[in-house]
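Novice: Each chain, letter by letter, is given below.
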Amino acid sequence: MVAQILFLVLTLAAIALFTVNLRKIIRNIRLGKPVDRNDQPQKRLMTMLRVAFGQSKMVVRPIPAFLHFFVYIGFVIINLEVLEIMIDGLFGTHRIFNGLGSLYNFLIGSFEILAFTVWVSCVIFLIRRNVIKLKRFSGVEMKSWPKSDANYILITEILLMSAFLLMNAADAKLQLLGASHYISAGAFPVSQYLMNILPSTESALIIVERSCWWFHIIGILAFLNYLPYSKHFHILFAFPNTYFSNLEPKGEFTNMASVTNEVKAMLDPSFVPAETEPGKFGAKDVTDLSWVNLMNAYTCTECGRCTSVCPANITGKLLSPRKIMMDTRDRITEVGKNIDKHGTEHQDGKSLLDDYISREEIWACTSCNACVEACPVNIDPLQIIMELRRFAVMEESQAPASINAMLGNIENNQAPWKYSPADRFNWAQEN
Amino acid sequence: MNLILDNTTMEFKVPTMAELMAAGEEPEILFWVGCAGSYDERAQKITRDICKILHHVGIKYAVLGTEESCTGDPAKRAGNEFLFQMQAMTNIEVLNAYNIKKIVTGCPHCFNTIKNEYPGLGGSYEVIHHTQLIQDLINEGKLKAEGGESFKGKKITYHDPCYLGRGNGIYEAPRKALEVLDAQLVEMKRCKSNGLCCGAGGAQMFKEPEKGKKDINVERIDEALETNPQFIAAGCPFCMTMLSDGIKLKDKEQEVKVLDIAEITARANGL
Chain A
4 MVAQILFLVL TLAAIALFTV NLRKIIRNIR LGKPVDRNDQ PQKRLMTMLR
54 VAFGQSKMVV RPIPAFLHFF VYIGFVIINL EVLEIMIDGL FGTHRIFNGL
104 GSLYNFLIGS FEILAFTVWV SCVIFLIRRN VIKLKRFSGV EMKSWPKSDA
154 NYILITEILL MSAFLLMNAA DAKLQLLGAS HYISAGAFPV SQYLMNILPS
204 TESALIIVER SCWWFHIIGI LAFLNYLPYS KHFHILFAFP NTYFSNLEPK
254 GEFTNMASVT NEVKAMLDPS FVPAETEPGK FGAKDVTDLS WVNLMNAYTC
304 TECGRCTSVC PANITGKLLS PRKIMMDTRD RITEVGKNID KHGTEHQDGK
354 SLLDDYISRE EIWACTSCNA CVEACPVNID PLQIIMELRR FAVMEESQAP
404 ASINAMLGNI ENNQAPWKYS PADRFNWAQE N
Chain B
41 MNLILDNTTM EFKVPTMAEL MAAGEEPEIL FWVGCAGSYD ERAQKITRDI
91 CKILHHVGIK YAVLGTEESC TGDPAKRAGN EFLFQMQAMT NIEVLNAYNI
141 KKIVTGCPHC FNTIKNEYPG LGGSYEVIHH TQLIQDLINE GKLKAEGGES
191 FKGKKITYHD PCYLGRGNGI YEAPRKALEV LDAQLVEMKR CKSNGLCCGA
241 GGAQMFKEPE KGKKDINVER IDEALETNPQ FIAAGCPFCM TMLSDGIKLK
291 DKEQEVKVLD IAEITARANG L
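Protein sequences appear in the order of chains A and B.
Take the first sequence: its position 187, counting from 1, is numbered 190 in our numbering, and each next residue is one higher.
Take the second sequence: its position 109, counting from 1, is numbered 149 in our numbering, and each next residue is one higher.
Read the hints as simulated data drawn from the structure, not as lab findings.
Careful: at least some of the hints might be erroneous.
Per label pair, the in silico range of CB-to-CB distance [what the hints assert, rightly or not]:
#1 A:49 / B:234: 15 to 25 angstroms
#2 A:62 / B:52: 46 to 56 angstroms
#3 A:273 / B:232: 40 to 50 angstroms
#4 A:426 / B:162: 26 to 36 angstroms
#5 A:49 / B:193: 36 to 46 angstroms
All C-beta atoms in this analysis are idealised placements derived from N, C-alpha and C, irrespective of residue type, glycine included.
Just chain A, with the same shape it has in the complex (with noise of 0.2 angstroms):
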C-alpha cells in the first residue's frame, strides 16, 4: 500500500511538473508573430505521417537512419509496456495484461528484442560521438551543455533498457522458482541469458526485481521531466513540427503584406491600405519571429545535418543553420524566464540578433536551402535568417557595401549591375 501511494505521488508529480514546463514552452512559442498553418490539413496529416512517424527523411543517411529507427520504434511500443507498469504501480498488481496469454508473451518477448536493439543502438550512438568523433557532432555551437546533453540522453535510455532487461530476468528466474506473485506469464528471448548472472535465492531476486522496476518507472518519470530542458524535446515536437510545416515549393520566400500596403500606397496614391498594425520589418529578436520559427528551435535535435551540408559552412565560414536554431531556442528561452522573473513589460537589452547570431552569419547564407532539405524533421533556419537580414536592410540600412551597391542599381538602373536600361536589349543586335 505504501509502494502504490508513494508511486500515485510520485508520478502525479512527474506528471504536473512535465505539464508546467510544457506549458511555459508553448506560452513562448506564442510569443511569436501569427502566420495561418491550417491550411490544407489533409496534406499537412500527410506530411507529419511521412516524415516525422515514417522517418522519411531520416533514410538519406541509412546508418544512422537504420539505428534511429530501432531507439524511435523501441520508444513508441516499449511504451505499451509502461501502461502496464503504470497499471501494476498503481493497483500493486502484477503483470496485469497476462490475461491477454500468448498474444501477451509475444508483446513482452517484442519489447525485449526491441530493449535490446536500443541498448545495442545507442552504444553505438555513444561511440560515433565520442569515440569516432563524426564531424557532424562537433562545432563552435556544440560546446559543454548540448555535448553533454546528448551522452545524458544516450547513457539514460541505455540505463532505462538495461533497467527492463533485468528486471524480466529477475522475474523469469522468480517465477522458475514458483514465487509467489510472480505467476508465470510473458517470453524472455534475451532476459533469459541474464538469468545466471543474478542471485539465486528468491529473496534477493526480488530485490532486484523491485529495484529495477522502480528504477525504469522512476527512470521514465524522470526523463519525460528532462526533455523540456533538452535536445530531446524532438520526440514530442517533431510531429506538430511536420505537421505546421511549409508547404509551398522551398524557393518561395514570403511577401510582406506590410509592405505590400506600402509600396501599393507608393504606386497608387488613390490606394487606401487596410488597417495593420505597425510593426518593424523583419526580426531582431526571436519575438519578431513567427511561431512556426520558435516551434522548429524546441524542435531541434541538434544532429547537424544542416550544418553538415551547408555550402557556407563546408568552406569554413562562421554560418551554421544548427546554431542558428539553437542561439533561437536559447534566446527563447531567456526571454520566456525574464517574463516568469520580472514580468512581460521587462526588456533586458538583448537580442537575437548581435547577442547571439552575428552579422557575418547571416550574410554568409546563400539561400541554397540545403539545411531545410536536410532536415528531418522539417525545421527552416533559411526562414530566420532571412528575417534577421529584413531587419538589418529595411530597419537598419545596415548590409555589406557590395550589397547596398546592388540595391543602389536595382532602384537607379532596374539591374543588380551599373549597366543603363537603354542597353539592355543590345543581346539582341542583328549584324
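Dock chain B against the given chain A, drawing on the hints supplied.
Specialist: Same frame as chain A, but now just chain B:
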C-alpha cells in the same frame, strides 16, 4: 552563317512585345531574359541560344526588350522587401498589360520569383524554365539532337541550380534535355536534392564571400572535376559565372567546358 562560329550577333530579329502588340498579335510564350541574360557577356550567349531554339522550332515568342526589368530576386534575398515588391509590381503591371499567359525564363532565380512570388502580388502566369521548355520540345518531337555537334559518348556532369532543384523540385527536365544527346551523363557526389550550391545564391553573387577556408565555387568545381567531365552543364547564369571562374582558377579551361543546357542543345542542333 557567321553566328555558328561567333555567337555575338543574331541573324534573325528577336521580336518584342511592343512590336507584336502594334501588329495586333499575341505570342504563345514570353521569353523573360533576366538581368544576367541581358547584360552579362557570357550569359548573353545563352540568351541568344534560347532565342535560336525558339526560332528554330517556330514557336511564336517575344521578349520585353527594354521594358523588362529586374524581377527583384536579389533585393528580396538580400532582405529588401520594399525594393522587391516595387520591382515585382512594376513588372506585373507590364506583364498584365500585355496579357501574358505563359513565360519561359533563362534563369532559375527569375523563374522562382515570377512563378512563386508574383501570384500573391497580382501576377499569375504559367512559368517554365528553359530546360523544361527544351524537355517539352524534345518530348513533342520538335527538337532533336541532330544537324550539329555530336555529344555522343561525351562525359557531361550536370550542376543543379538551387532555385530550380531544391527550390522547385525540378531535377528531371535538365537531365532529360541532356539524355537525348546520347552522351555519358555522370553525377557528382552531391547532386539533385543534395546538390551543392555554386555559391552565388541569396545575393552572394554581388558581394565578396565572408572569410572562410575556401570559396564555395572552388569546392563545387573540385567535386565536378572528380567526375572527369568534358562538359559541365549549367542551367543558371549565376552558376555559369561561378563554375567558369572555378574552371579558370583550376586552369582547366582547355579540357573542361562549362556550357548552359540551352547552348548544348543549340550546338547539338547546329543552330
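Novice: Hints first: check each against the structure and report whether it holds.
Specialist: Now for the hints, and whether the structure bears them out:
With their beta carbons about 23 angstroms apart, residue 49 of chain A and residue 234 of chain B fall inside the hinted range of 15 to 25 angstroms. Taken as a hint, the range 46 to 56 angstroms holds for the pair residue 62 of chain A and residue 52 of chain B, whose Cβ atoms sit roughly 50 angstroms apart. Our hint of 40 to 50 angstroms for residue 273 of chain A and residue 232 of chain B holds, since their Cβ atoms are close to 49 angstroms apart. Take residue 426 of chain A and residue 162 of chain B: their Cβ atoms lie about 29 angstroms apart, and the range 26 to 36 angstroms holds.
Between residue 49 of chain A and residue 193 of chain B the C-beta distance comes to about 43 angstroms, which sits within the given range of 36 to 46 angstroms.
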